[in-house]
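For the sequence shown, my numbering assigns the number 16 to the initial residue and increments by one for each residue that follows.
A couple of the hints might just be wrong.
With a straight-line Cα cutoff of 30 Å, these simulated DSBU-like cross-link-like pairs (lysine-lysine) come out [claimed, not checked]: (1) Lys111 / Lys77; (2) Lys77 / Lys93; (3) Lys72 / Lys93; (4) Lys111 / Lys72.
Estimated spans, in silico, between C-beta atoms of each pair [claimed, not checked]: (5) Gly96 / Asp33: 27 to 33 Å; (6) Ser39 / Met99: 29 to 35 Å; (7) Glu48 / Leu100: 24 to 30 Å; (8) Lys93 / Ala22: 20 to 26 Å.
Hints are computed from structural coordinates only; laboratory data are not their basis. Built from N, CA and C at the ideal position, the CB exists for glycine as well.
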Amino acid sequence: MIRERGAVVVGRSLVDDDVHMIRSLVESLVLREDIDMIIITGGTGVSPRDVTIEAVKPLLEKELEGFGEIFRWISYQKRGGIAMLSRATAGIINRKLIVVLPGSPDAVSTGLELILDQATHILSIARGL
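Could you put the whole structure together from the sequences, leaning on the hints where they help?
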């Protein structure tokens with residue numbers, strides 16, 4: 016889906032459910048000039064192992080609250096009240112778009128459809144263009 020929209024995937028990483036490992040990876044990725052957007056999947060629920068939000072949210076310079084709200088609304092339309100368990104979010108760090116999605120394939124698809132439609136516009140605004 017990402018490549019179909021003309022984007023280039025420059026890498027993939029698998030990280031344990033560990034706040035420090037996730038945060039460290041994000042901190043290093045946002046410094047790279049060849050990256051405009053970072054997509055993180057998994058760890059957005061409410062179990063003790065779900066720590067991705069705790070790792071990423073403190074790093075966000077600007078949070079796009081509307082992304083999470085719309086994502087949960089779409090998820091609610093598809094799956095009902097279980098959507099309230101998602102803490103999916105998006106935001107800006109160092110003029111890069113960061114997207115944090117649940118790990119299920121359907122949720123990733125839903126989130127990507129939502130954010131990819133607006134990614135270019137979001138990035139241009141974040142960069143003051």
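Right, here's what the structure says about each hint:
no.	hint	verdict
1	Lys111 / Lys77	holds, 10 Å
2	Lys77 / Lys93	holds, 28 Å
3	Lys72 / Lys93	holds, 26 Å
4	Lys111 / Lys72	holds, 14 Å
5	Gly96 / Asp33: 27 to 33 Å	holds, 30 Å
6	Ser39 / Met99: 29 to 35 Å	holds, 30 Å
7	Glu48 / Leu100: 24 to 30 Å	violated, 36 Å
8	Lys93 / Ala22: 20 to 26 Å	holds, 25 Å
Violation of the numbered hints given earlier is confined to hint 7; every other hint is satisfied by the structure.
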